[in-house]
Structure formats: structure tokens, C-alpha cells
Amino acid sequence: MRSAQTVLLDNEAVQALADLGHAKHRRVLAVVEATASRNVRRAGSVTLVVPAAVQVEAGWDRMTQGAATLNRIRAAGASLDRPAADQAASLVAALRVSVADAHIGAVLSASTGPHAVLTSDPGDIRRMADHLGIVVNVVTV
Amino acid sequence: MDRRLQQLLDLLDGVSEETVNTSVRLPSQLRDAAALAARMGLASTTTELAVRGLRDTLDAFAQRAVLDAHYAANPEDRPSLAEVALAAAEIDGNPLADHPELVRQAAAAVRELKDDAGPDDVLLFAAGLAAASAAA
Numbered sequence: 387m388r389s390a391q392t393v394l395l396d397n398e399a400v401q402a403l404a405d406l407g408h409a410k411h412r413r414v415l416a417v418v419e420a421t422a423s424r425n426v427r428r429a430g431s432v433t434l435v436v437p438a439a440v441q442v443e444a445g446w447d448r449m450t451q452g453a454a455t456l457n458r459i460r461a462a463g464a465s466l467d468r469p470a471a472d473q474a475a476s477l478v479a480a481l482r483v484s485v486a487d488a489h490i491g492a493v494l495s496a497s498t499g500p501h502a503v504l505t506s507d508p509g510d511i512r513r514m515a516d517h518l519g520i521v522v523n524v525v526t527v
Numbered sequence: 002m003d004r005r006l007q008q009l010l011d012l013l014d015g016v017s018e019e020t021v022n023t024s025v026r027l028p029s030q031l032r033d034a035a036a037l038a039a040r041m042g043l044a045s046t047t048t049e050l051a052v053r054g055l056r057d058t059l060d061a062f063a064q065r066a067v068l069d070a071h072y073a074a075n076p077e078d079r080p081s082l083a084e085v086a087l088a089a090a091e092i093d094g095n096p097l098a099d100h101p102e103l104v105r106q107a108a109a110a111v112r113e114l115k116d117d118a119g120p121d122d123v124l125l126f127a128a129g130l131a132a133a134s135a136a137a
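From first to last, the protein sequence lines stand for chains A and B.
In this text, residue positions in the first sequence follow our numbering: the first is 387, and each later residue adds one.
In this text, residue positions in the second sequence follow our numbering: the first is 2, and each later residue adds one.
What the hints contain is simulated information worked out from the structure, not anything from laboratory work.
Think of the CB as a built atom: it goes at the ideal place given N, C-alpha and C, for glycine as much as any other residue.
Accuracy of the hints is not assured; some may be wrong.
[Claimed, not checked] Residues of chain A placed beyond 12 Å of chain B at every Cβ, according to the derived structure:
1) E398
2) A416
3) A420
4) A438
5) V442
6) P469
7) Q473
8) A475
9) V485
10) A502
11) V521
12) V525
[As the list claims (entries may be wrong)] Example chain A residues on the side facing chain B (calculated, C-beta under 10 Å, incomplete):
13) V414
14) T421
15) S431
16) V432
17) S497
18) P500
19) H501
20) R512
21) L518
22) I520
Only chain A is shown next, with the shape it has when bound in the complex (with noise of 0.2 Å):
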């Protein structure tokens, strides 16, 4: 077993960790915490990832004051470039899922393993995860 080098987070984990009333607020935090905590004794071992399209569904204006505190946690952005869009496209022909999760798909075969995702929709991001042949540690939230 391999610590998780890449954490993606779907929109209402987004959400949660902008919202410091939201129920899953401390519990998103935590997962932060955890990889705040790695990167402090070894910088860079894992990344946090918001993409795009979950950026957008989960209303994250970065240039709004209501943002600052998650403009603030040191996510990293993933932008819905040609060869992602491509991907995302795949995923939503073949298995009818969401753009934001298409695109944490699209993320997840492009960046380093070991995976984990954030997620209030396990069973999508499983069957994206089967379908792709990752391994993703899937996190519900």
C-alpha cells in the first residue's frame, strides 16, 4: 500500500471545505489536514486537486470575498484542456455521468497515482475508476 499522491476533490467536497457551516466541513478538513501534514515532512508528496469543471459546479469564484478562505488551502487547479475535454467526452458518452465528474476522470488518468477522490457520489466515481482501469481510493463525503 502507497500513500495517496494525488487527492481530487468533487463539488460538494468543494463545497464543504468553502462553507464553514456545512456538516462536512471539519470531515473535509481533515482529509487537508492530512495531506498538510504529509507535506510539511515531505514536501510535495501529494496534491490537492480541484478541476475545472467541478470548480464551476460547485460555484467556487475564486475572485469573490465569500472565497477567501478556500482560495487559501493551497489547492491545485485542473484545467479542462483539449486533451481533457476529449477524455471528459469519452466518460460522458460511455457511462453518462456528470461533466465535473467526467472531468475528475479525465484528471484522474492524467495525474500521478496513487488516487483518492473526495466524493458525495462513490458509485460514479467507481464506475469511471473501473472503467479506466485506475485504482482510486474513493472517499465519501
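Assemble the complex: chain A is given as a structure, and chain B must be docked to it using the hints.
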């Protein structure tokens, strides 16, 4: 938030491609190792390695400082060591994630042994507890 921390975050988030020449004294063996790694295809240049290492380290410091600032303002949001260890187990697919009571027990024990215990210390201790229990 501390003005200097905000400035650090702004600098790390800046998108400028502007570069500067700077004088950094590297241990010669580290420089040679970096050059060798570049020749092995592990990195494009020594500069890229140095920049990546510096950025990763500063990002880690910044993330730690941001979380500490958040907890200072919202102490009830700080997850316990056991919660963080459980989260680490979950993202790793560690079977200990299915044994929260054992992880909580390990966190309590590790906290007594080490002031700056982290989640991986707890998971190692919990794995030891599980192994000892299985052997008994």
C-alpha cells in the same frame, strides 16, 4: 490573516514568467546529483529541480500556515489527531480506515509519546496494535 502570509500566498499564486538570476550556494555533490538526475531524464534541468523543490516547500509551509490561521479563527474546526489519521487511512485505502476505534486508541497513545505526532505516526502505531492483537 497575517499580512506577510497573504503576501506569501499572492507571490506563490502569481503567474508571472519573469525570472531573476540569483546566487544560491549549493553543496557541490547536490549540484552534481541534480545534473546527473537531469541526464537520466528525471528532470529537465537543475534549475527546474531547484524551483520545484523550493515551490513545493513554500507551498507546504503556506498550507500549514493557512490551516493554523483558520483554526486560530475557528478553533472548533480543528480536526483531532484521530480524525486526521482516519482521513489519511481513507485516502490511502488503508484497511485501518474500517477500524476507527483502533485508530482513536492509537492516537491517544501516540499523543502521550510524541508532542508533534502526525497521522502517519498514529497509523503505524494502530497497525502495531492490530498485529499484536492478531498474534495474541
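Okay, the hints, checked on the actual structure:
no. : hint : in the structure
1   : E398 : holds, 16 Å
2   : A416 : violated, 4 Å
3   : A420 : violated, 4 Å
4   : A438 : holds, 16 Å
5   : V442 : holds, 19 Å
6   : P469 : holds, 21 Å
7   : Q473 : holds, 23 Å
8   : A475 : holds, 28 Å
9   : V485 : holds, 24 Å
10  : A502 : violated, 4 Å
11  : V521 : violated, 8 Å
12  : V525 : violated, 5 Å
13  : V414 : holds, 9 Å
14  : T421 : holds, 8 Å
15  : S431 : holds, 8 Å
16  : V432 : holds, 8 Å
17  : S497 : violated, 14 Å
18  : P500 : holds, 7 Å
19  : H501 : holds, 9 Å
20  : R512 : violated, 12 Å
21  : L518 : violated, 16 Å
22  : I520 : violated, 13 Å
Consistency note: the structure conflicts with the earlier hints numbered 2, 3, 10, 11, 12, 17, 20, 21 and 22.
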